[in-house]
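A.B. asks: Here is how the chains run, residue by residue.
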Amino acid sequence: MAKIIRRERLVPNLHLLEIEAPKVARKCKPGQFVIIMPDERGERIPLNIADWDSEKGTVTSVFLVVGTSTQKLSILRSGDEVPVYVGPLGKPAEIKKFGTVLCAGGCYGIGAVYPVARAMKEAGNKVISLLDVKANYLLYWEDKLKAVSDEFFVSSRDSYYDCKEFIPKVLKDVVKTTKVDRVISYGCTYLMYTCSEATRPLGIKTIVSLNPIMLDGTGMCGACRVSVDEKTKFACVDGPDFDGHLVDWQELFSRRKSYFDDEIQSLSYWEKENFPKN
Amino acid sequence: MPDKTKQMPPELKAMLRAGFNEDWRKELRKSLPVKERMKIRRQKMPERKPDLRNKHFKEVNFGLDAKKAVKEAQRCLDCANPQCVMGCPVGIDIPAFIKLIEAGKFSDSARKLKETNSLPSICGRVCPQESQCEAVCNLKKATGVSVAIGNLERFASDFERDSGKVFIPKALPPTGKKVAVIGAGPAGLTVAGELVKKGHKVTVFEALHVVGGVLVYGIPDFRLPNKILRAEVAYLERLGVKFEMNIVVGKTVSLEDLKNDGYDAFFIGTGAGLPNFMNIPGENLIGIYSANEYLTRVNLMRAVDFPEYDTPVFKGKRAAVLGGGNVAMDSARTAKRLGAEMSVIVYRRSRIEMPARVEEVHHAEEEGIEFHFLTTPIRYFGDDKNRVKAMECLRMRLGEPDSSGRRRPVPIKDSEFIMEIDLVIVAIGNSSNPLIGQTTPELEVGKWGNVEVDWDTMATNMDGVYAGGDIIRGGATVILAMGDARIAAAEMHKYLSSKKQDTNDS
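In the order they appear, the protein sequences are chains A and B.
418 is the number of the first residue of the first sequence in the numbering used here; add one for each residue after it.
364 is the number of the first residue of the second sequence in the numbering used here; add one for each residue after it.
Hints were generated in silico from the structure; no laboratory data involved.
The model shown is predicted, which means the values in this text are computed figures rather than measured ones.
Heads up, some of the hints might be wrong.
Said to hold, decoys possible - Below, a sample of chain A positions facing chain B; criterion: calculated Cβ distance under 10 Å: (1) S471; (2) V483; (3) T635; (4) K648; (5) V654; (6) D655; (7) L684; (8) W687.
Said to hold, decoys possible - Pairs of lysine to any residue residues, derived as SDA-like cross-links and limited to a Cα-Cα distance of at most 20 Å, are as follows: (9) B:K418 to B:K699; (10) B:K418 to B:H725; (11) A:K689 to B:G645; (12) A:K689 to A:Q488; (13) B:K752 to A:K444; (14) B:K407 to B:V433; (15) B:K680 to A:Y676; (16) A:K444 to B:D620; (17) A:K444 to B:Q801; (18) A:K440 to B:T566; (19) A:K650 to B:G645; (20) B:K605 to A:P500; (21) B:K752 to A:K551; (22) A:K551 to A:C580; (23) A:K420 to A:G496; (24) A:K446 to B:V433.
The beta-carbon is built from N, C-alpha and C at its ideal position, and this holds for glycine as well.
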């Protein structure tokens, strides 16, 4: 059992979850993830690690509410417990001095990319952060990211940030004026895909954190297989970070939707159980 | 791999001889002449009707009743030179436990089993006895039909458990030594049981949230009910074994951390790793599972009870399972139970080369599983949603024997045909789990990610670190894992005892 220290809504649909997990907190490295099970009947789902405090013994993730498991997580309160919290899993992100590193994050990936940006900065890189949101009120952790960045940009579809553009356009603009040695793109599959496509013609190596469906998360089941450079890889032990230019994105898109109908059924079942009419 | 031509160790021989010469055994032998014993027919295991059981997950076999068990035990000739013991990877004193059943001392029989086997009610269900103890049974040589050793093992241990009076052997006085067992599967549980009885303090670290490893995520309830496993685990807990769940050694804690926490010896039993695939076109289409994933969804995550439980699984109408082992049988029978109209085993060799237990193949056939022998898939086709809808197969014929001694399948030219399916389960084995090797650089690891050991002692290249089961073998069986574990436990005990000496000297 692991205790919830804090669960709060950051912006609509995105929540922060801070969990008491001293052993995990001691070992965390940027780019890794945990497997969590919201309750005894829940799924085992992966969450990127967005921050940790090894002294306090807590680990923080940011998650998007999509299906039953994340709905269940989104109503937890501090003091509640989850039956399974295991990690840190996956290979850590490759951190070294590359020169200039552009960290692009969107959705839950703003949280997930934060420790990578921080570590890249500590490794002596010039860090450019580029956060993508659909509207200005969906931006979070602006201050945290700014604190570890030399330059900071936001792409947003509303007029607030004066760009009205999706991330690849802004990314292309940035690299026009600055020599970027590496791009790190964390977030929803579409964001990672479009960032990879934007940098492909420019030849800038782009690292993405893949998010396929997982089950055990420890290299036993093979649910999380992805095709990278035409070879089957297992995201939980070979990743989750991969070279975005080598990923078979269409396969990942379709495999992520494997249980689309089941997810709807599961969610409506859970809602009926927990929020009955009358 | 271990040497299979080994002679019986002298201590074991002496122990068997002593048991053989006990007065009650002599009496029992005299009570029924060999000729009469040989006339008794093998007692049939009562089982659920195939057309009913293939719709639910209740256990197929009911187990022998006391009357049948005694009758079956009478068939055992109590040989002076019991070959069966040599056929058993853990070296159970088989004549002794069988004769205790014949004498009506069922609980004593269970205790006799537990002297060498920490998990008898599990082995009685899942061991491939027909290729081990029962294969070399002297009665089989004489009459063609062996004693039903496995069924008797199951009977005695079930009897003890159901009686509610499970005997807890007294542990030896505490040695003050701490043992870390990594992985709560059959190998880990065996080591834990052996070493805790010797007075060591044993903690088992498990990555998943339930104890049992393959016994819980892999083997379905209809073959090994969960409550049987839970009872065996409860027994280990009563012996004093501690379990720490949700810990991935190598990730959450390292071997080094455990050493610093004061652990003196280690057993790595982290089991199966990445499942093998065939690397043919279309293999990552939706609806193609590894057997590990498929069975884990159904057994561990309870997808059978979806949406009450959140984890889903595809309930295909036409299921194809690739492979010919026990895992393939389990997968095909599970697919049938989840509503498949057609569930077919596709195996590239012929029936006799299948590694599955004869009983499992027999049960599968009874339940309506179809078999396509000498067939191999060469690619898959998907629909517009990337869901698998068909596979192209190739017919094979058997050629010359390969390194495994089995005849190698050779493709027949122009024999391609299409099989329409909507669910594929790839059950062609797995490699060893990669995590501990990846994260423990000083540990010697082989080409396939398997931990390298000295097969006589199960010692790895690291001092005080031992390993056994699928982590050293790739995909093998529960009982081989337990056999490794017994050797490792004995060696670890020696190691720990000698270490005590060291500290006294210094």
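A.B. asks: All hints are to be evaluated individually against the structure, with a verdict given for each.
C.D. replies: We went through each hint and held it up to the structure:
1. Contact between A:S471 and chain B, as hinted, is not supported at the beta carbon level, the nearest pair being about 13 Å apart and thus beyond 10 Å.
2. Taking 10 Å as the C-beta contact cut-off toward chain B, the hint placing A:V483 at the interface is violated, the least distance being around 13 Å.
3. With a cut of 10 Å, the hint placing A:T635 at the interface with chain B holds, because the nearest CB-to-CB distance is about 5 Å.
4. For A:K648, the interface hint holds, since its Cβ comes within 10 Å of a Cβ in chain B; the closest pair sits about 9 Å apart.
5. For A:V654, the shortest C-beta to C-beta distance to chain B is roughly 5 Å, which falls under 10 Å, so the interface hint holds.
6. With its C-beta approaching chain B no nearer than about 9 Å, A:D655 sits inside the 10 Å limit, and its interface hint holds.
7. About 9 Å separates the beta-carbon of A:L684 from the nearest beta-carbon of chain B, less than 10 Å, and the hint is met.
8. For A:W687, the shortest C-beta to C-beta distance to chain B is roughly 8 Å, which falls under 10 Å, so the interface hint holds.
9. Annotation: proposed proximity of B:K418 to B:K699 holds, straight-line Cα distance about 7 Å (limit 20 Å).
10. As the CA atoms of B:K418 and B:H725 are separated by approximately 17 Å, the hinted pair is consistent with the 20 Å bound.
11. Restraint check for A:K689 and B:G645: not satisfied, since their Cα atoms lie roughly 38 Å apart, outside the 20 Å limit.
12. A distance of roughly 13 Å separates the Cα atoms of A:K689 and A:Q488; the hinted pair therefore holds under the 20 Å criterion.
13. Taking the CA atoms of B:K752 and A:K444, the gap is near 44 Å; set against the 20 Å cutoff, the hint is violated.
14. The suggested pairing of B:K407 with B:V433 holds, with an alpha-carbon distance near 13 Å, which does not exceed 20 Å.
15. Straight-line distance between C-alpha atoms of B:K680 and A:Y676 comes to about 16 Å, which keeps the hinted pair within the 20 Å bound.
16. Distance restraint check for A:K444 and B:D620: the Cα-Cα separation of roughly 11 Å lies within the 20 Å cut-off, and the hinted pair is therefore satisfied.
17. Restraint check for A:K444 and B:Q801: satisfied, since their Cα atoms lie roughly 15 Å apart, inside the 20 Å limit.
18. Of the supplied pair hints, the one linking A:K440 and B:T566 holds, its CA atoms being roughly 16 Å apart against a limit of 20 Å.
19. At roughly 15 Å between alpha-carbon atoms, A:K650 and B:G645 fall within 20 Å of each other, so this suggested pair holds.
20. This hinted pair checks out: B:K605 and A:P500 have alpha carbons roughly 18 Å apart, not beyond 20 Å.
21. Taken as a hint, the B:K752 and A:K551 pair is broken in the structure, with Cα atoms around 38 Å apart against an allowance of 20 Å.
22. Restraint check for A:K551 and A:C580: satisfied, since their Cα atoms lie roughly 11 Å apart, inside the 20 Å limit.
23. For the hint pairing A:K420 with A:G496, the CA-to-CA distance comes to about 6 Å; that is within 20 Å, so the pair holds.
24. For the given pair, A:K446 sits about 61 Å from B:V433 by alpha-carbon distance, which is inconsistent with the 20 Å threshold.
Against the hints set out earlier in the document, violations occur for numbers 1, 2, 11, 13, 21 and 24.
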